[in-house]
Amino acid sequence: MRYLYFILSFSLVYITGCKLSVTEHSTDAERLPDIYPDYRGITIPCNIAPLNFDIEEPGEQYVTVVYGASSASLAYKGKKVRFGMKEWRQLLKENTGDDLCIDIYVRKGEEWTKYETIRNRIVDDPVDEYLSYRLIEPGYAQYEYMSLNQRTLTNFEEKEIFNNRFAAVSERLSCINCHAYQNHRADRMQFHVRHEQGGTVFIDSDEVYRVNMKTPETLSAAVYPAWHPTENLIAYSVNSTYQTFHLRDPQKIEVQDRESGIILYDVEKNIIYPVVNEPDALETFPAWSAEGDRLFYTSASYNKDGKDKKALVDEMMDRYDSIYYDLMQIPFDKQTLTFGEPEVVACMSDQYKSISFPRVSPEGRSLLFTVSDFGNFSIWHTSSDLYMLDLESGEIRCMEEWNSPRAESYHSWSSTGRWVVFSSRRDDGSYTRPYFAWYGENGETGKPFLLPQKDPGQHLRLFKSYNIPEFTVNAVPVNLRHIAGKMKRDVRQAIYRKRPESL
Amino acid sequence: MKAKNHLSVFAELLFLCFVFIRIGYVQQDAFYLQQELQFFDFSGSHFLSYVKEPGFLVAYMSRLSTQFFFYPFLGAFLFVSLLWGFQYLLARVSRLRQSFFPLTCVPAAIIVAAGCSAGHAVWVLPESGILYLYYWGAVAICLFFLICRSLPRPWLLFPVLFIGYMFVGVYAFAGGFLYVIYYFKSEKRNSVKYLYCSFFLIWMLLIPFICYHLIYTSVPVGEMWQAGLPVFSRQGETILSPVFLYGLLVSILLLFISPYYSPWYQKTVSFKFQCVGTVVLAGGVLFFLVFNTDPVFNYEAGLYRAMQENNWKQVAALVEGNNRQTSFSIMSYRLGCFKQGNAGRYMFKEPFEPEPDNRNFIPGLYQTGGNIFYYHYGVINYAYRWGMESMVKYGVRIADLRMMAKCALLMGENELAEKYLLKIRSSCFHRDWADQYLLYATGKKQTAGADEFKLLFPLLEGENILDGDDGNIEAYLYHTLSFLEGQGRMNCELSLIANMLRKDLGSILLLYERYITDLNTIPVHYQEAAVIAAYLSKTSLAGAERIDTQVRQRFAKLVELLGQRGRMSKEDLQEAVKSHFGDTYWYYLLYHETGKMGNTSPETIY
Numbered sequence: 046m047r048y049l050y051f052i053l054s055f056s057l058v059y060i061t062g063c064k065l066s067v068t069e070h071s072t073d074a075e076r077l078p079d080i081y082p083d084y085r086g087i088t089i090p091c092n093i094a095p096l097n098f099d100i101e102e103p104g105e106q107y108v109t110v111v112y113g114a115s116s117a118s119l120a121y122k123g124k125k126v127r128f129g130m131k132e133w134r135q136l137l138k139e140n141t142g143d144d145l146c147i148d149i150y151v152r153k154g155e156e157w158t159k160y161e162t163i164r165n166r167i168v169d170d171p172v173d174e175y176l177s178y179r180l181i182e183p184g185y186a187q188y189e190y191m192s193l194n195q196r197t198l199t200n201f202e203e204k205e206i207f208n209n210r211f212a213a214v215s216e217r218l219s220c221i222n223c224h225a226y227q228n229h230r231a232d233r234m235q236f237h238v239r240h241e242q243g244g245t246v247f248i249d250s251d252e253v254y255r256v257n258m259k260t261p262e263t264l265s266a267a268v269y270p271a272w273h274p275t276e277n278l279i280a281y282s283v284n285s286t287y288q289t290f291h292l293r294d295p296q297k298i299e300v301q302d303r304e305s306g307i308i309l310y311d312v313e314k315n316i317i318y319p320v321v322n323e324p325d326a327l328e329t330f331p332a333w334s335a336e337g338d339r340l341f342y343t344s345a346s347y348n349k350d351g352k353d354k355k356a357l358v359d360e361m362m363d364r365y366d367s368i369y370y371d372l373m374q375i376p377f378d379k380q381t382l383t384f385g386e387p388e389v390v391a392c393m394s395d396q397y398k399s400i401s402f403p404r405v406s407p408e409g410r411s412l413l414f415t416v417s418d419f420g421n422f423s424i425w426h427t428s429s430d431l432y433m434l435d436l437e438s439g440e441i442r443c444m445e446e447w448n449s450p451r452a453e454s455y456h457s458w459s460s461t462g463r464w465v466v467f468s469s470r471r472d473d474g475s476y477t478r479p480y481f482a483w484y485g486e487n488g489e490t491g492k493p494f495l496l497p498q499k500d501p502g503q504h505l506r507l508f509k510s511y512n513i514p515e516f517t518v519n520a521v522p523v524n525l526r527h528i529a530g531k532m533k534r535d536v537r538q539a540i541y542r543k544r545p546e547s548l
Numbered sequence: 011m012k013a014k015n016h017l018s019v020f021a022e023l024l025f026l027c028f029v030f031i032r033i034g035y036v037q038q039d040a041f042y043l044q045q046e047l048q049f050f051d052f053s054g055s056h057f058l059s060y061v062k063e064p065g066f067l068v069a070y071m072s073r074l075s076t077q078f079f080f081y082p083f084l085g086a087f088l089f090v091s092l093l094w095g096f097q098y099l100l101a102r103v104s105r106l107r108q109s110f111f112p113l114t115c116v117p118a119a120i121i122v123a124a125g126c127s128a129g130h131a132v133w134v135l136p137e138s139g140i141l142y143l144y145y146w147g148a149v150a151i152c153l154f155f156l157i158c159r160s161l162p163r164p165w166l167l168f169p170v171l172f173i174g175y176m177f178v179g180v181y182a183f184a185g186g187f188l189y190v191i192y193y194f195k196s197e198k199r200n201s202v203k204y205l206y207c208s209f210f211l212i213w214m215l216l217i218p219f220i221c222y223h224l225i226y227t228s229v230p231v232g233e234m235w236q237a238g239l240p241v242f243s244r245q246g247e248t249i250l251s252p253v254f255l256y257g258l259l260v261s262i263l264l265l266f267i268s269p270y271y272s273p274w275y276q277k278t279v280s281f282k283f284q285c286v287g288t289v290v291l292a293g294g295v296l297f298f299l300v301f302n303t304d305p306v307f308n309y310e311a312g313l314y315r316a317m318q319e320n321n322w323k324q325v326a327a328l329v330e331g332n333n334r335q336t337s338f339s340i341m342s343y344r345l346g347c348f349k350q351g352n353a354g355r356y357m358f359k360e361p362f363e364p365e366p367d368n369r370n371f372i373p374g375l376y377q378t379g380g381n382i383f384y385y386h387y388g389v390i391n392y393a394y395r396w397g398m399e400s401m402v403k404y405g406v407r408i409a410d411l412r413m414m415a416k417c418a419l420l421m422g423e424n425e426l427a428e429k430y431l432l433k434i435r436s437s438c439f440h441r442d443w444a445d446q447y448l449l450y451a452t453g454k455k456q457t458a459g460a461d462e463f464k465l466l467f468p469l470l471e472g473e474n475i476l477d478g479d480d481g482n483i484e485a486y487l488y489h490t491l492s493f494l495e496g497q498g499r500m501n502c503e504l505s506l507i508a509n510m511l512r513k514d515l516g517s518i519l520l521l522y523e524r525y526i527t528d529l530n531t532i533p534v535h536y537q538e539a540a541v542i543a544a545y546l547s548k549t550s551l552a553g554a555e556r557i558d559t560q561v562r563q564r565f566a567k568l569v570e571l572l573g574q575r576g577r578m579s580k581e582d583l584q585e586a587v588k589s590h591f592g593d594t595y596w597y598y599l600l601y602h603e604t605g606k607m608g609n610t611s612p613e614t615i616y
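Chains as they are written, first to last, in my numbering: chain A, 46 to 548; chain B, 11 to 616.
Mixed in with the good hints, there may be bad ones.
[Unchecked claim] Label-pair distances were calculated between CB atoms; the ranges are: (1) C438/B <-> Q503/A: 18 to 28 Å; (2) E486/A <-> L465/B: 52 to 62 Å; (3) E105/A <-> Q446/B: 22 to 32 Å; (4) Q245/B <-> H527/A: 50 to 60 Å.
[Said to hold, decoys possible] Below are the DSBU-like pairs computed for lysine-lysine, each with C-alpha atoms no more than 30 Å apart in a straight line: (5) K455/B <-> K153/A; (6) K62/B <-> K297/A; (7) K531/A <-> K403/B; (8) K499/A <-> K62/B; (9) K455/B <-> K124/A; (10) K297/A <-> K455/B; (11) K349/B <-> K125/A; (12) K403/B <-> K499/A; (13) K204/A <-> K349/B; (14) K159/A <-> K454/B; (15) K454/B <-> K509/A; (16) K62/B <-> K533/A; (17) K533/A <-> K403/B; (18) K124/A <-> K454/B; (19) K455/B <-> K509/A; (20) K464/B <-> K297/A; (21) K259/A <-> K464/B; (22) K509/A <-> K62/B; (23) K62/B <-> K531/A; (24) K125/A <-> K455/B; (25) K349/B <-> K297/A; (26) K297/A <-> K403/B; (27) K464/B <-> K153/A.
No wet-lab data here; the hints were simulated from the structure. Where a beta carbon is used, it is the ideal one built from N, C-alpha and C, also for glycine.
Chain A on its own, in the form it takes in the complex:
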């Protein structure tokens, strides 16, 4: 603490000296300065890692002064503004509920310019401690090294949960995807491994095993997961998927389902039950309600009309931009593991729009989803935007403050429901980055901000996308070697049943 006081006092003295010479001669730019990442006017949690940034204004000398209503000022010299961990925490602590102000002075020639004060709001809603994501190139059909990583959001620590070098058989790397947790707790985690040694890997505390979810009765192995909030049940989509490429459109890639449906997997009993698989519909993206009494999913009507696979694919490729998914729900009885009749919750196909990735907030009031112009591979659709459905009033709201002209796609809620992380391609149109947005108790929103990095330039240098960002309140309890060793030894085959034994 004494050390901190020393730094603060030293900074104050330094600032005073600096400010005197800078402010006396500075002229106002009457605009906000350009900084990377765009941390201007954002709303941030009271426990986030330091929001380091680089000033992108031309100049010869730079001075940045950071202060709040309840704290002393800190000054930084240079284009690269890097906060010390302790001073940053102190700043957040002293200014929670208030604004964190940033003044930037730039010298060009003999003249100092002062830009408008950047005001970032610090809210008393802490964000979950961890964020996990897959790091992967925004590639097409090829893949090589990929990893599931876990980042601590209160500092800059990042570690690999798993990487596909550990799943390799005879030098052939497998694809790893679709990690999911139960109720934001990393003690229960699952992810898929494709190709050799394929299956779904389950982590339950320190128990790790792999399940082959493909059965003769199911369309495919398990794909998009949704873990039930209270029971050890996972709803999955099963998809017969194919990938094609746009000849001229900058959206480049299209992934379509030739067939799809929803299944329920009882993790403890290792049994798969069918949920929905209508012959003239494509169902995917399951998501549980907060209480687990309803399962949401998206569904597109498609008349397959007995067409063979090739004819169906050819037709779907021709009609790719006229396939629209609506939001559905189906009641669920967790005692009997039975489902009721599906019903439409939000119909957007009549507006020539398509819904993907429904996710219900932990308190059960709101449902966040992605809307794009067609299809379900919204990550590549520039039209993809986030929308919020109020489950009580049925009102749908476009999250304009969160959206950009480029794709906003996959998203997840924090355990408190006050924060949302979503993947966005707003920076360059091709590489997805995780953005965090505040969602207040009464539906207020804050401008989203990019995942903070020790060196923000890392985002520009990284040639990988952050895929499927998911919050967790704790760290994954086992390391990747433990996972690799166990998943090779403990392999199970899921069993298919048409209906639960209770019936």
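For chain A, the structure is supplied; the task is to place chain B on it using the hints.
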């Protein structure tokens, strides 16, 4: 005595000259390509990206050195200088007498042979600086031995081996092994030397396991034993033979242990013997220089480089001056002709026939820089795609970054282009190139006005469809271009060419009719295509009066020749058509298999 020394120096100079010629001249395009197929910058983050793997220094140094092949002569000069340094180091390690110095040429020649023989594998190597991977590995062995030998206490070898492994991987063990031999021979106390040597060897076995458990937690244990080595196979398929590595290790070991076991090694060698040795060495190197090449790869690398530099004259000249053709060279030639605006006159001038692939490792065309064709024919999404696929498979490479940056600029994705260009800019030798294109990305210059781009924009027009090339660039490209219905003569011509290559006679007639409107001179190949298409379709040819007399006469002769098919074997008939009409579209249509889409045969002409 002086004459003997001079002879040794002469032999060494001779060897280095051969190496310089081989790398800087004979294979300059191949080595230029190697630096294109990798990326290096001096930033701390780039260095740190290597540190997380054991043996990182070998890969890091190899990439650092390979980039100098951007200027092939500079790269070759640097390599030759470094090679001499290695020989000097090796001579010190093995305590060679000066007259035996040329013996160090043996491991040096193995390094050169390993680097120069990579050939087509270079396209798919994750570490394209293969020459320097061997080189720095060999240097690491020697340096590590010298470090060990200078240790004041033998037990210090334990930590030094550990640290050495982290820096240079298993090469540290090779150096350590030499030291164990040295220690074994120099230590007089039997009990001590047996004890130490056993522990050293056991320690070497244990180090990868210890590192695996304590330091490199993200690296599988199997890879710990290959730390620092080149990647010999991918996805279970051998791409490089490890024989050179074994040769290198054995030759260094033999040189090292010779003083201990060869009595002749210590004797003075006669001048005559040295002369014979020098001649044998020179002969061996000359043999290697002349015969151990991959001419097809060097040829394709030259074409690739010429296309990268938009030097279409050079492309045509290279193909016309070469007897052996490949799918890549034929596609390059067609593109070159089109870019120079004389496809209609020269494209079928030669009866180009690709050689059957007989390489040990055959990467598909899409992996051999095939996206350059997509780019120049305006199929930009696919050019970008294969740039990205390549980057995913083999890591960040200059060639892929370049391609993706240019594609992004064409598609109006300036921020994306900037990302790639800034990366390229951080390299040593490509900064100017990146700066030039950054002007477009930052909006200081317009892509629409740029010479390179303005011809491509019209090709971007047209309907968007979902499709896939299945990795067959040639077929997909011509298929796509054959439907290029955009505005303007260029699109029409390109579509006509594509349909000619695909042997779609109906489309040829339609496009020909459109193409010749307002055209003064009709290129000869287009006339040939129109004549035979009309003939086979049994329709009248629009603008028939504009067909040159020579074309009419030659076609009549062709029909006459094919009429004799009953009296000639198939092979003889093809040979006759080839000798008289090998420079026409007709020969392509009747006999060429590249197109494969058409089913025209000499029988169908009647």
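> Going straight from one Cα to the other, do K125/A and K455/B come out at no more than 30 Å?
Replying inline: Holds, at roughly 29 Å.
>> Just to be careful, I want the Cα atoms of K62/B and K533/A compared with a cutoff of 30 Å; is the pair within it?
In response: holds, 25 Å
> Straight-line Cα separation of K509/A and K62/B no greater than 30 Å?
Replying inline: holds, 18 Å
>> Run the distance test for K124/A versus K454/B: straight-line Cα separation, threshold 30 Å.
In response: Roughly 24 Å separates the two Cα atoms, so the pair holds.
> Should the hint that E486/A and L465/B are 52 to 62 Å apart at their CB atoms be regarded as holding?
Replying inline: holds, 58 Å
>> Please verify whether K455/B and K153/A have alpha carbons no more than 30 Å apart.
In response: Within the cut-off at roughly 25 Å; holds.
> Given the proposed pairing of K297/A with K455/B, does the C-alpha separation stay at or below 30 Å?
Replying inline: holds, 26 Å
> Per the hint of 18 to 28 Å, is the separation of the Cβ atoms of C438/B and Q503/A within bounds?
Replying inline: holds, 22 Å
> Holds or violated: are the alpha carbons of K499/A and K62/B at most 30 Å from each other?
Replying inline: OK: K499/A and K62/B at ~18 Å, within 30 Å.
> Is the hinted pair K159/A and K454/B satisfied, with a Cα-Cα distance of at most 30 Å?
Replying inline: At roughly 27 Å apart (the allowed maximum being 30 Å), K454/B and K159/A satisfy the hint.
> Regarding the pair K259/A and K464/B, is the alpha-carbon distance no greater than 30 Å?
Replying inline: violated, 51 Å
> Hey, K62/B versus K297/A, does the alpha-carbon distance stay inside 30 Å?
Replying inline: Given pair K62/B, K297/A is violated - Cα atoms ~34 Å apart, limit 30 Å.
Going down the numbered hints, you'll see the structure goes against 4, 6, 11, 13, 21 and 27, while the others check out.
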